[in-house]
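Undergrad: Given only the sequences and the hints, what does the whole structure look like? Please build it.
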Amino acid sequence: MTLALQYCHITVDDMDEAIAFYRDALGFKVTGDNGPGQQRWVSLSDPVHGGPELVLSSPYAGRSQEDGDALRELLVKGVLPMIVFSSDDLDADFERVRATGAEVLQEPIDRPYGVRDAAFRDPAGNTVRFHQPLKR
1 MTLALQYCHI TVDDMDEAIA FYRDALGFKV TGDNGPGQQR WVSLSDPVHG
51 GPELVLSSPY AGRSQEDGDA LRELLVKGVL PMIVFSSDDL DADFERVRAT
101 GAEVLQEPID RPYGVRDAAF RDPAGNTVRF HQPLKR
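Numbering follows the numbering used here, with no gaps: position 71 of the sequence shown is 71.
These are computed hints drawn from the structure, not numbers from a lab.
Straight-line distance between alpha carbons at most 25 angstroms, and here's what the computed SDA-like set of lysine to any residue pairs gives:
| # | residue 1 | residue 2 |
| --- | --- | --- |
| 1 | 135 | 115 |
| 2 | 29 | 51 |
| 3 | 29 | 4 |
| 4 | 77 | 62 |
TA: Pasting the structure below:
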């Protein structure tokens, strides 16, 4: 059996701001825009590296009002799982994203466990990290 990750879902509260961040700051390409209003979901792909598609959706997309409300509370608190991207030039990628006005959570730093990493917050409050293996 061969398994590969196909989609990574990211909950957002303002679809247009989220699209701008993932498309303009991170370089993803919108490949689908579906559903009306709070049921809207948008898929994006990495046109250079391929890999799993990102799927942006509202807390209410495919969920009950009660579940959507609970998910929205977690989103507002900034406690949903983070997304981590690998980078082959973390410092350049960091500067490119910072130049878009994205909220910086952590400047690039070398970690004792063998990576250089940095972090931003997307417009919805999700943590977005970049990792690059340190040269040994």
